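Residue numbers (full-length UniProt numbering), protein chains in the order written: chain L, 1 to 132; chain Z, 1 to 137.
Read the hints as simulated data drawn from the structure, not as lab findings.
Note that this is a predicted model, so its numbers are computed, not measured.
Treat the hints with care, as some may be off.
[As the list claims (entries may be wrong)] Which bits of chain Z does chain L cover? Going by a derived footprint, with three or more residues having C-beta under 8 Å, they are:
1) 40-49
2) 80-91
3) 94-104
Note that the Cβ used here is the ideal one computed from N, Cα and C, for glycine as well.
One-letter residues, chain by chain:
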Amino acid sequence: MERIPILKMGPFLLVTIQVDLYDRLALTLENDLINMVSKTEAKGVLIDISAVSIVDSFMGRILGNIASMSKIMDAATVVVGMQPAVAITLVELGLTLSGVHTALDVEQGMELLRTKIGQLDTDEEGLYDSYI
Amino acid sequence: MIVISKEKLTIQKEQDVVLFRNRIKELATKIGMSLVNQTKLITAASELVRNMLRYGGGGITHLEIVSKNSIPGVRLIFVDEGPGIKDITLAMKDGYSTGKSLGLGLPGAKRLVNEFDLKSEPGKGTTVTIIRWKNGL
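Same shape as in the complex, but just chain L (with noise of 0.2 Å):
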């Protein structure tokens, strides 16, 4: 079966988009991703939908569900890299993603993701360490 990758970097996991989603893909992601974050003790999760042309009710939903489900696991969610196009589209469609905190590339997404979980100290060389 199809599967997104997540990657583990550091407290946090990062996840790109770069297919198409179809409904179950989205809601296999959904799945790996709170099983991740459990497994994981992540504090935060990254999502990089820059790739992504389309984000419908469904999708918009997930990202929703992602983000309730990591915060009652104590972890943030940030959504990184939405087009424009999307941006427009989602908010006419009637979907604000009121609950998704947002930022606009994986630098300032991770920046967001950081001071969330009180880790001041960006000692990026650190980061990468305890990555390694």
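Start from chain L and add chain Z according to the hints.
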């Protein structure tokens, strides 16, 4: 209104949706539709095709390039032979769903296109027609 090109695509499983979306993108690009309008059209189509799969047990989609007053547009028709919609007014309301979804599918899709027509007969099926004009706001 004249029909410039038409084709049919059968939707029976979720993976068909990806192909369907790509084909709409090709048609919309062909008539020079802007990226934002393309995104709106494909998102609306994505909502409707999901309804067709989930409630109508799949069906047939017609993809057409049409033209009115020499302005081109993409017309999509979704035909299923599912149970139909009992109360269309209710189904078009934001937040109403008989399933477990957000209830944004139908009303949201309507907001994203220029023309929207829904016909349904309980027990016979549902037909939804949408048009997004090249420069339609």
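Assertion that chain L covers the stretch 80-91 of chain Z - criterion: three or more residues, beta-carbon distance below 8 Å: Violated - the stretch 80-91 of chain Z has 0 residues with a Cβ nearer than 8 Å to chain L, which falls short of three.
Quick check: do three or more residues in the stretch 94-104 of chain Z have a beta carbon closer than 8 Å to a beta carbon of chain L? This one holds; 4 residues, not fewer than the three required, reach chain L with a Cβ under 8 Å.
Coverage of the stretch 40-49 of chain Z by chain L, judged on three or more residues with CB within 8 Å: holds (count 5)
Hint check: a violation occurs at hint 2 only; the rest are consistent with the structure.
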